[in-house]
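Visitor: Here is how the chains run, residue by residue.
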Amino acid sequence: GQQVMQIPQYQHVQEGEDFTTYCNSSTTLSNIQWYKQRPGGHPVFLIQLVKSGEVKKQKRLTFQFGEAKKNSSLHITATQTTDVGTYFCAGIPDGNKLVFGAGTILRVKS
Amino acid sequence: ETGVTQSPTHLIKTRGQQVTLRCSSQSGHNTVSWYQQALGQGPQFIFQYYREEENGRGNFPPRFSGLQFPNYSSELNVNALELDDSALYLCASSPAGGNYGYTFGSGTRLTVV
Numbered sequence: 001g002q003q004v005m006q007i008p009q010y011q012h013v014q015e016g017e018d019f020t021t022y023c024n025s026s027t028t029l030s031n032i033q034w035y036k037q038r039p040g041g042h043p044v045f046l047i048q049l050v051k052s053g054e055v056k057k058q059k060r061l062t063f064q065f066g067e068a069k070k071n072s073s074l075h076i077t078a079t080q081t082t083d084v085g086t087y088f089c090a091g092i093p094d095g096n097k098l099v100f101g102a103g104t105i106l107r108v109k110s
Numbered sequence: 111e112t113g114v115t116q117s118p119t120h121l122i123k124t125r126g127q128q129v130t131l132r133c134s135s136q137s138g139h140n141t142v143s144w145y146q147q148a149l150g151q152g153p154q155f156i157f158q159y160y161r162e163e164e165n166g167r168g169n170f171p172p173r174f175s176g177l178q179f180p181n182y183s184s185e186l187n188v189n190a191l192e193l194d195d196s197a198l199y200l201c202a203s204s205p206a207g208g209n210y211g212y213t214f215g216s217g218t219r220l221t222v223v
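Which chain is which? The protein sequence lines are X and Y, in order. Start counting the first sequence at 1; every next residue gets the next number (the working numbering). Start counting the second sequence at 111; every next residue gets the next number (the working numbering).
Among these hints, one or two may not hold up.
A few chain Y positions that, by computed beta-carbon distances, are all more than 12 Å from chain X [as the list claims (entries may be wrong)]:
(1) Q154
(2) N189
(3) L191
(4) G211
(5) V222
Dumping the calculated SDA-like pairs for lysine to any residue here, alpha-carbon to alpha-carbon at most 25 Å [what the hints assert, rightly or not]:
(6) K36(X) to S216(Y)
(7) K36(X) to N189(Y)
(8) K70(X) to G166(Y)
(9) K97(X) to R219(Y)
(10) K97(X) to N189(Y)
(11) K109(X) to D94(X)
(12) K36(X) to R219(Y)
To be clear, the hints were calculated from the coordinates, so they are not data collected in a lab. Here the structure is a predicted model, which is why all the values come from computation and not from measurement. We put the CB at the ideal spot given by N, CA and C, even for glycine.
Bound conformation, chain Y alone (with noise of 0.2 Å):
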């Protein structure tokens, strides 16, 4: 069985820019979410995906957008980079919708020059 895992592990864009993060879920799992940490801070929810919907937002602006596709691997994706966006973003998932906890990988590093 294998884990969650995103790529890249690192990532250094340029502001004004667009990136696209991605994410395999862990074998079984249906629903994905995706976080952002900053530095010396708690996980801050982005958004949700189940069964391809997404099923619930946190406060981020709408370039942050994601996709969740067949096979319940995601992207996600954030259009016009700020220096704020810099931080840890993690990608996890859970069987049957979250409500057994949640399996994180290890995130991508995206700094914003």
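Next up, chain X with everything else stripped away, as it sits in the complex (with noise of 0.2 Å):
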């Protein structure tokens, strides 16, 4: 089944405001990838996390990976409508499986 575990399911937001999505694994992960998927259309690569404890940024996301390397979020910083699709957290827990969470539904209203 399903080893990694995303929530929320969906958010809906107002223009501006904050958003975060988080992942669990029940087994440590060699490293945590993060990607975006538009409506219609297909994932897109954002990020790649490796190191325990590990925060990157780019412009108004910010990515960590826990320390226990079996959880991670992605936090955006005021909204835009731009940011809309669904944020898929993705890891490896054993040999070559990229194991994706079931994603978060970001919509925000402006």
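Put the two chains together into one complex; each comes in its own frame, and the hints tell you how they fit.
Guide: Here is the structure:
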């Protein structure tokens, strides 16, 4: 079954508000990757985190990898309508099998 | 630099038939993975090929099989199609075994009737 859990399933925010999605794995991950999928589109790679406790920023997006390498988060500051889409985390719990979370759907009201 | 291209974009098949989906990896990428994405769900890992060898497989039955060619392009074959096989099939490529993230193609929308 699904080894990578993601919450919330869905979030609807007002433009300008912040947004956070959380990812939890039942096992230690060698790395965590984040993807964005626009409605009707395909996943687009955002970033990869490898080190325990790692924090990376991309403009208004902040990504964190937990100390135990079992959880991660993506935080968006001051959301814009262009942020709309589904955000997926994905990790490799064993071998070469990249496991995706179920995703968090972000909707932004302007 | 071209990205990942998949063909066909859409396909309708009858239950019991066989289908072959094709993927051209991004230039310089030697690793190709295939995923099945049902509506409203995350991509589910089918299998991965690295330098023409399968080096990872998800929880899919043997009727899902694949190939990777010397130019690193790939095929996904599904035999004895079932209604539940209806989904978006995504191909993704990566350099160096997937350790630097994957570039996804636009997918093939398969409908089994």
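Visitor: For every hint, state whether the structure bears it out.
Guide: Checked hints:
1. Q154: Non-interface label fails for Q154(Y): nearest chain X Cβ at 7 Å, not farther than 12 Å.
2. N189: N189(Y) clear of chain X: closest Cβ-Cβ about 22 Å, beyond 12 Å.
3. L191: holds (22 Å)
4. G211: Violated, since 4 Å does not exceed 12 Å.
5. V222: holds (21 Å)
6. K36(X) to S216(Y): holds (13 Å)
7. K36(X) to N189(Y): violated (31 Å)
8. K70(X) to G166(Y): holds (21 Å)
9. K97(X) to R219(Y): Distance of about 23 Å is within 25 Å: holds.
10. K97(X) to N189(Y): Holds - the C-alpha atoms of N189(Y) and K97(X) are around 22 Å apart, at most 25 Å.
11. K109(X) to D94(X): violated (39 Å)
12. K36(X) to R219(Y): Since the Cα atoms of K36(X) and R219(Y) sit roughly 19 Å apart, the hinted pair holds (cutoff 25 Å).
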